[in-house]
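J.: Sequence:
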Amino acid sequence: MLTKRWKFREAPDRNTILALADSLNISNVLAHLLIQRKVTNFFEAKSYFRPSLDTLYDPFLMDGMETASIRVIKALTDNEKIIVFGDYDVDGTCSAALMYLFLKELGADAEIYIPNRITEGYGISLASIDYISKKGTSLMISVDCGITAVEEVDHANSLGIDTIICDHHQPKEELPRAVAVLDPLKPGCPYPFKYLSGAGVAFKLARAVGDRIGKKDMALKYLDLVALAGAADIVPLLDENRALVKAGLDLINANPRPGILALIRSARMEPGNLSAGQIVFTIAPRINAVGRLGDAGRAVELFTTDDPQKAIELANVLEEENLERRKIDESTFSHALNLVKETVDLENDLGIVLHDDNWHPGVIGIVASRLVEKYYRPSIMLTTIDGVAKGSARSIPGFNMYEALESCEDLLLQFGGHEAAAGLALEVDKIPAFRTKLNFILKQTLTEQDILPEISIDAQISLTEITPKFIRILDQFAPFGPGNLRPIFLAENVSVVQQPRLVGMNHLLTCVRQNGGDKVFDAIGFNLGVYSNLIDKEKNLVDIVFAIDKLNKDGRSYPQLRIKDIKVKDK
88 MLTKRWKFRE APDRNTILAL ADSLNISNVL AHLLIQRKVT NFFEAKSYFR PSLDTLYDPF
148 LMDGMETASI RVIKALTDNE KIIVFGDYDV DGTCSAALMY LFLKELGADA EIYIPNRITE
208 GYGISLASID YISKKGTSLM ISVDCGITAV EEVDHANSLG IDTIICDHHQ PKEELPRAVA
268 VLDPLKPGCP YPFKYLSGAG VAFKLARAVG DRIGKKDMAL KYLDLVALAG AADIVPLLDE
328 NRALVKAGLD LINANPRPGI LALIRSARME PGNLSAGQIV FTIAPRINAV GRLGDAGRAV
388 ELFTTDDPQK AIELANVLEE ENLERRKIDE STFSHALNLV KETVDLENDL GIVLHDDNWH
448 PGVIGIVASR LVEKYYRPSI MLTTIDGVAK GSARSIPGFN MYEALESCED LLLQFGGHEA
508 AAGLALEVDK IPAFRTKLNF ILKQTLTEQD ILPEISIDAQ ISLTEITPKF IRILDQFAPF
568 GPGNLRPIFL AENVSVVQQP RLVGMNHLLT CVRQNGGDKV FDAIGFNLGV YSNLIDKEKN
628 LVDIVFAIDK LNKDGRSYPQ LRIKDIKVKD K
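Each residue of the sequence shown is one higher than the one before, counting from 88 in the numbering used here.
These are computed hints drawn from the structure, not numbers from a lab.
Careful: at least some of the hints might be erroneous.
[Stated by the list, open to error] Here are the computed lysine-lysine pairs in the DSBU-like style, where the Cα-Cα straight-line distance is at most 35 Å:
(1) K281 to K637
(2) K259 to K221
(3) K397 to K303
(4) K133 to K303
(5) K273 to K133
(6) K524 to K461
(7) K125 to K281
(8) K556 to K91
(9) K191 to K168
(10) K477 to K281
(11) K302 to K191
(12) K303 to K191
(13) K637 to K556
(14) K524 to K281
(15) K259 to K308
(16) K302 to K168
(17) K125 to K308
(18) K637 to K658
(19) K397 to K308
(20) K302 to K161
(21) K477 to K524
[As the list claims (entries may be wrong)] What follows is a set of in silico ranges between Cβ atoms, one per label pair, in the way DEER data are often shown:
(22) R559 to N614: 25 to 31 Å
(23) N128 to E411: 50 to 56 Å
(24) D473 to E411: 21 to 27 Å
(25) E429 to H594: 26 to 32 Å
(26) L621 to L426: 27 to 33 Å
(27) K259 to V475: 17 to 23 Å
(28) H594 to L433: 23 to 29 Å
(29) D444 to N166: 45 to 51 Å
(30) A98 to N639: 30 to 36 Å
(31) R649 to T154: 44 to 50 Å
(32) G364 to D605: 27 to 33 Å
(33) S110 to K517: 58 to 64 Å
(34) R649 to N620: 17 to 23 Å
In this text, a Cβ means the ideal position worked out from N, Cα and C, and glycines have one as well.
Please put together the full structure from these sequences, using the hints given.
T.: Shown next as structure tokens:
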């Protein structure tokens with residue numbers, strides 16, 4: 088039973104594999120994986136396995152950086168009121184905390200402004216500018232937002248507020264008339280790496296300011312916040328991001344600031360070996376929860392406090408909010424599934440567009456992602472706020488959601504985001520026309536094959552090749568994330584040593600070996616419980632697609648195969 092398409096990534100030339108394996112004294116499979124990651128010689132391997140902050144690009148390569156850094160120094164020198172304007176997600180709160188802490192360390196008169204997701208929505212608004220103006224602000228630094236705030240920046244200008252924009256989202260044709268616009272994606276920006284997180288751009292500004300005042304490395308102490316943001320915002324962990332996230336993770340594991348330590352412990356973990364994946368699935372949801380359900384300022388307060396007791400109290404608030412968020416999430420997802428059954432023609436519609444007046448705006452992005460996971464097609468969830476339909480869009484590989492929304496611009500009040508995820512707003516009565524147009528675009532772009540889930544396999548492997556040395560080297564491929572995904576392997580004709588059993592909600596647990604070998608591996612398949620009744624250990628061999636995780640038992644670490652999919656065969 089093959090539930091997904093299995094597709095091998097492009098295989099490197101065999102002679103190239105053999106040459107790299109020989110020069111690095113590693114297995115052919117590991118050399119194969121490295122070449123797929125554009126690592127082809129000893130020096131590239133050294134850079135890959137030991138990402139260094141020495142390789143970071145000069146921040147002044149970013150267009151506007153010279154002007155921005157000079158303006159910040161002027162504000163510091165003249166003791167101007169500075170507002171750091173952030174966003175309510177992990178990247179936005181980490182960016183705001185980083186910039187605020189950096190400025191305060193330099194003696195700035197600085198405050199943070201994070202819009203309320205429910206009452207204000209995303210990004211800079213005219214009302215927020217009016218509020219900021221009343222505080223006597225003369226410089227606003229937006230982080231992780233602002234690239235599309237043309238009208239809002241004009242309004243700030245009219246009130247005597249200078250704006251520096253630090254963003255990493257896709258710009259529109261017209262840029263805001265700010266003092267400086269820092270965004271690697273800005274047309275004509277020569278910055279060599281285009282995929283920084285919002286916190287990465289904020290870090291670059293801090294580094295440039297520090298450089299100008301003879302404190303170039305001062306910003307490095309905030310790389311923990313850059314790592315949290317980079318992992319949680321799913322930016323490609325390549326090139327500069329790899330070095331930033333690796334250094335930030337090392338900082339978190341060695342010496343976490345009080346807020347991050349409290350957050351880790353509230354998730355029932357300890358620092359020391361925290362991975363990018365654990366940030367994505369365990370830490371990030373807790374940070375996002377306070378912004379989804381109310382005031383994200385509490386996450387910023389957690390990051391900026393140096394009081395351990397206060398940090399514990401705030402981490403507990405995030406924990407409680409996350410539990411509440413999960414309840415709302417489950418209820419909304421259940422309702423969405425019913426709506427799909429009742430209103431969506433899955434035979435003919437390649438996209439899902441759902442709307443309900445009463446859905447909580449803080450969870451619809453999560454539910455849209457879950458719909459994509461379940462139905463493997465682009466999904467949009469909309470709720471009604473102040474008479475306007477607002478929501479979140481999530482896509483599948485091969486379909487650019489931002490470009491699709493751009494094609495529907497005549498029906499939308501506003502939109503913004505990335506290829507894979509976006510936000511949008513439109514009049515409620517335009518939803519049917521939008522749904523029709525989006526599905527028309529999808530039919531022009533995607534084939535039926537494109538909406539079959541696909542598992543990309545890096546390499547075929549024999550289980551006997553998974554040795555302690557292999558695991559030790561594979562660990563050094565981390566941090567894993569987009570652009571540097573955890574390797575996925577195929578092993579054929581594997582025998583099941585232990586009759587599979589169900590654990591948790593719908594997870595498969597078993598032990599496997601290959602070719603009658605001595606090596607037996609623990610294996611778990613999340614949401615693969617259906618196979619517990621389809622595999623007979625006496626009758627069946629299986630082909631498995633899997634990643635390699637670690638399992639800690641009795642104080643020791645063992646490899647565990649995390650099965651992605653199974654093909655059952657007869658012996």
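J.: Each hint should be assessed against the structure and marked as holding or not.
T.: Do the hints match the structure? See the list:
no.: 1; hint: K281 to K637; in the structure: holds (33 Å)
no.: 2; hint: K259 to K221; in the structure: holds (30 Å)
no.: 3; hint: K397 to K303; in the structure: holds (31 Å)
no.: 4; hint: K133 to K303; in the structure: holds (25 Å)
no.: 5; hint: K273 to K133; in the structure: holds (32 Å)
no.: 6; hint: K524 to K461; in the structure: holds (23 Å)
no.: 7; hint: K125 to K281; in the structure: holds (18 Å)
no.: 8; hint: K556 to K91; in the structure: holds (32 Å)
no.: 9; hint: K191 to K168; in the structure: holds (12 Å)
no.: 10; hint: K477 to K281; in the structure: holds (29 Å)
no.: 11; hint: K302 to K191; in the structure: holds (14 Å)
no.: 12; hint: K303 to K191; in the structure: holds (16 Å)
no.: 13; hint: K637 to K556; in the structure: holds (14 Å)
no.: 14; hint: K524 to K281; in the structure: holds (31 Å)
no.: 15; hint: K259 to K308; in the structure: holds (33 Å)
no.: 16; hint: K302 to K168; in the structure: holds (22 Å)
no.: 17; hint: K125 to K308; in the structure: holds (30 Å)
no.: 18; hint: K637 to K658; in the structure: holds (30 Å)
no.: 19; hint: K397 to K308; in the structure: holds (21 Å)
no.: 20; hint: K302 to K161; in the structure: holds (16 Å)
no.: 21; hint: K477 to K524; in the structure: holds (17 Å)
no.: 22; hint: R559 to N614: 25 to 31 Å; in the structure: holds (30 Å)
no.: 23; hint: N128 to E411: 50 to 56 Å; in the structure: holds (52 Å)
no.: 24; hint: D473 to E411: 21 to 27 Å; in the structure: holds (23 Å)
no.: 25; hint: E429 to H594: 26 to 32 Å; in the structure: holds (30 Å)
no.: 26; hint: L621 to L426: 27 to 33 Å; in the structure: holds (31 Å)
no.: 27; hint: K259 to V475: 17 to 23 Å; in the structure: holds (20 Å)
no.: 28; hint: H594 to L433: 23 to 29 Å; in the structure: holds (26 Å)
no.: 29; hint: D444 to N166: 45 to 51 Å; in the structure: holds (48 Å)
no.: 30; hint: A98 to N639: 30 to 36 Å; in the structure: holds (34 Å)
no.: 31; hint: R649 to T154: 44 to 50 Å; in the structure: holds (48 Å)
no.: 32; hint: G364 to D605: 27 to 33 Å; in the structure: holds (30 Å)
no.: 33; hint: S110 to K517: 58 to 64 Å; in the structure: holds (60 Å)
no.: 34; hint: R649 to N620: 17 to 23 Å; in the structure: holds (21 Å)
Going through the hint list in order, the structure satisfies each hint without exception.
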